[in-house]
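Visitor: Let the sequences and hints guide you as you build the complete structure.
If you read the protein sequences in the order shown, they are chains A and B.
Here the first sequence is numbered in numbering that gives the first Met the number 0, starting from 0 and rising by one per residue.
Here the second sequence is numbered in numbering that gives the first Met the number 0, starting from 0 and rising by one per residue.
Quick caveat, the hints were computed from the structure, so don't treat them as lab data.
Warning: the hint list may mix true and false statements.
In silico EDC-like links for lysine to aspartate or glutamate, alpha-carbon gap of 20 Å or less [said to hold, decoys possible]:
hint, chain 1, residue 1, chain 2, residue 2
1, A, 462, A, 474
2, A, 212, A, 188
3, A, 75, B, 204
4, A, 531, A, 474
5, B, 125, A, 29
6, B, 123, A, 29
Pairwise CB distance ranges (calculated) [to be verified]:
hint, chain 1, residue 1, chain 2, residue 2, range
7, A, 117, B, 85, 49 to 59 Å
8, B, 139, A, 465, 51 to 61 Å
9, A, 503, B, 298, 28 to 38 Å
By construction, the Cβ of each residue, glycine as well, lies at the ideal position given by its N, Cα and C atoms.
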Amino acid sequence: MTEADKNMTTNQEQQPLLDVRDLQVDFTADGRTVHAVRDASFNVYPGQWVAIVGESGSGKSTSAMAVLGLLPGTGKVTGGSIRLKGRELVGLDRRDYEALRGSQVGLVPQDPMSNLNPVWRIGSQVKEALTANHMDVSREKRSRLAKALAGDEEVKVKKSDDELFISSKDLPGLLEAARKALNDAGVADVDKAMEAMKAEWDVGSETRWGVAKSLIDAGVDDDTAWTLAKEHVTGSDMNDRIAGLLSEAGLPEAATRARQYPHEFSGGMRQRALIAIGLASRPDLLIADEPTSALDVTVQKRILDHLRSLTESLGTAVLFITHDLGLAAERAQHIVVMYRGQVVESGPSLEVLQHPQHPYTKRLVQAAPSLASQRIISAKQRGQDAEGLLEHHVKGESTLERSEHVITVEHLTREFRLPRRKEMFKAVDDVSFSVKRGTTLAIVGESGSGKSTVANMVLHLLKPTSGKVTYEGQDIAGFGGRQLLEFRRHVQPVFQNPYGSLDPMYSIYRSIEEPLRIHKIGNAKSRQKRVKELLDMVEMPESVMGRYPNELSGGQRQRIAIARAMALNPDVIICDEAVSALDVLVQDQVLRLLNDLQAEQGLSYLFITHDLAVVRQIADEVVVMQHGRLVEHATTDEVFDHPQRQYTKDLLDAIPGGKLRLGLD
Amino acid sequence: MGKYLLRRILQMIPVVLGTTLLIYALVFALPGDPVAAMFGDKPVNQAVAAQIRSEYNLDKPFIVQYVLFLKNALTLNFGNTFAGQPVISVIGRAFPVTIKLALMAFVFEGIFGVIFGIIGGLTKGKWSDNIILVLSLLLISVPTFVTGFILQYLFGVKWKLLPATAGANPGFIDLLMPAIVLGSVSMASIIRLTRTEITSNISEDYVRTARAKGMSNRSVIMRHVLRNSLIPVVTYLGADIGGLMGGAMITERIFNIQGVGNTLYQAILRGEGTLVVSIVTILVLIFVITSLLVDLLYAVLDPRIRYA
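Guide: This is the structure:
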């Protein structure tokens, strides 16, 4: 039972921390009013994790930003009430809101790349969060709730001086004294105990009270422990505190890191810095707006695990915004489902997941990739052969008499020269695999694993350092001129970003027609007919032909990108993170579309993704890559049921909601 | 960093050599005989003319003249003007005036450009922003000689508020109007640049994050909007110093200031290659050095920029 649960049961009649009633948010554009949020109501109790789930544009982020008073552009709260600890926030003036932000409501924003100011050091951006709220840096100010949770006894023991932090000056003396005390107390394994304490005693984060407690736990008697703690924990300065906050958020070598700039941080590290900022002034409520959707699944898991333990120890309530129902169910106790600005369903997580009432929630449950993987497994467990679900592949194969492998990759290696380094960096290191005709091979790995580099070499966009790629038995390195054009006709890409891969100045018709024109296929009339066919194939109306990419949604654009790839009747489509940028429902539609097209046309896919959950839905074979090397290669079932490598197991573990019991019929 | 600096300094050598050669060639190609022009309406005395030609190396082929100029320039001996004054003393008289003028223009455009740009950017879409936008567009589109003559007529001649022309040794008041005219176009560009930067930076995600920290509106604007917005403005200003020195020619002609621009203009008219090339060489050096300083300043202001 988590602390939050305990809190829920022991404080039944407690007031909600955040009480949103009939919230209405409107945006005005060109004189038109758009109701972004309509009559939304939800509660967050102290210490609770509540998830708001919905697709983009459902009003989930807008509701959260309304709580913070940070609605973008023309957004305005036009009705309803937002109460924080009983205090009405709607209509609050700017100064009052400034006083409330940071200290009572914190924010962990969505995109770690754009949410840190590139010209300030990480440490100074954390410092702002402290100074803006006049935080007393020398001592901890936990929320009242955390103290109450700790039990009456301890609250009495903890005087305010006991909340002083370890400073960097004190630490060496403290460790020495602690070792001596442990020796005097006759503790059996002093070295081991010291290691544990070193790990726990973070400068600027651990309090005098915490030091005394861990000494007592290690076997030192109460009086000695407290005397020692009083002597050696005398409060830290601002820099120590910043380092302490960053290390609490899981950033190693925090003191050094604090002096670095955002561009020297990876996405995961930036997100940790943003968590440190969001929690710096110990707010009662933390709004986490898709905090990990821009990150790899394994990093996502680590960060959310850390955020959970941190908010639990601080007693912070979290309003968690996500589009992934599986992730929401795994992390939050309570789920609120939003659809087109309205709350369509809310309740305890498992309840919503297992007995969805609203049709939209049902669709979400079915589409969530994390849960879908579970579904196919359960289908198999019910005695259905997973092969049966992939029947069309076998059929597609038998009708063709050409060689079995469309694309073969042999000992592919690609090196890059890094700036200011002598040695070469191996982005891809001796990778071999082959794509069987009419099937899907997925390459899985985190960012930086070299999977996109492989895709670019297969597409003949990048020359391998060594090794070769063969298409229909021919080495593509030798292709040039006419042959290359022919190769391009048969092997088509679909890229990750549907916003970037369509020319904004081209109409949809022109975008789809372009490959036909380049390859001089048919005349204007037959090309137009073909474009109509293609639009029909990707289930888009003919009316979009005259429109431009910026008028379409992400999912629609990705359909157009697929239609364009299909224009030349290719044999192979290489999808580089083709669905990663899409909402779950749209992702599901696109995956189904790809699946249907494969069944109808006997296409082969090379599917590159970081998301194993998606792999489960689309792939027949899986190649797992790590640091440029191929670490595992097997059929999808094999990889999911009996992963061989630890890395693959970690990837599988990281699928959100993967371990949830789903009561689907 | 040291390597980068050395490379940039070495790069200056071909730039300076190339520009001086080009300018020398252009002056050499000017139509008309400068020596003959010296005699004015009087008949040309061939003996005297030949003596002048040999004294100023005008009788030698172009490339020899250029090499002789370079050789002397290295020892800071730029020779004499046709009127017999040492070139170095002409430059010594002209440059202080122009530097004074350019600095005044620089301060004017920097202060007012940034202030109006900030007002425009922070009140985007309101009346103040619209007025600033229209006025800055007006300043950009009207050429300097038009604004110059208009201001000269209104303030100098009609209302007699400021001196209409600057004398031989112009003071602050004499140069005030010329400096405003000289800085006006750049000021308008700075207004627009600052305004655009602010309006785009204010909707950055990190600004929202800063507000979510509980920072006051004032410190969010100062630390996150202005700091980031002013990086390109500062680099624009730095690059403009060279432009102000060279661009002073029109302004100096209008207000009759005996600065670099005016001297250069006279020298071109008289076909005095040595003087023209000497002045241009110094202007080129100022350009090259300020652009190096701007690039270094850029790296200081934006931590993402690192030179290797």
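Visitor: When the hints from earlier in the document are held up against this structure, which numbers fail?
Guide: The structure conflicts with hint 4 only, although it agrees with all the remaining ones.
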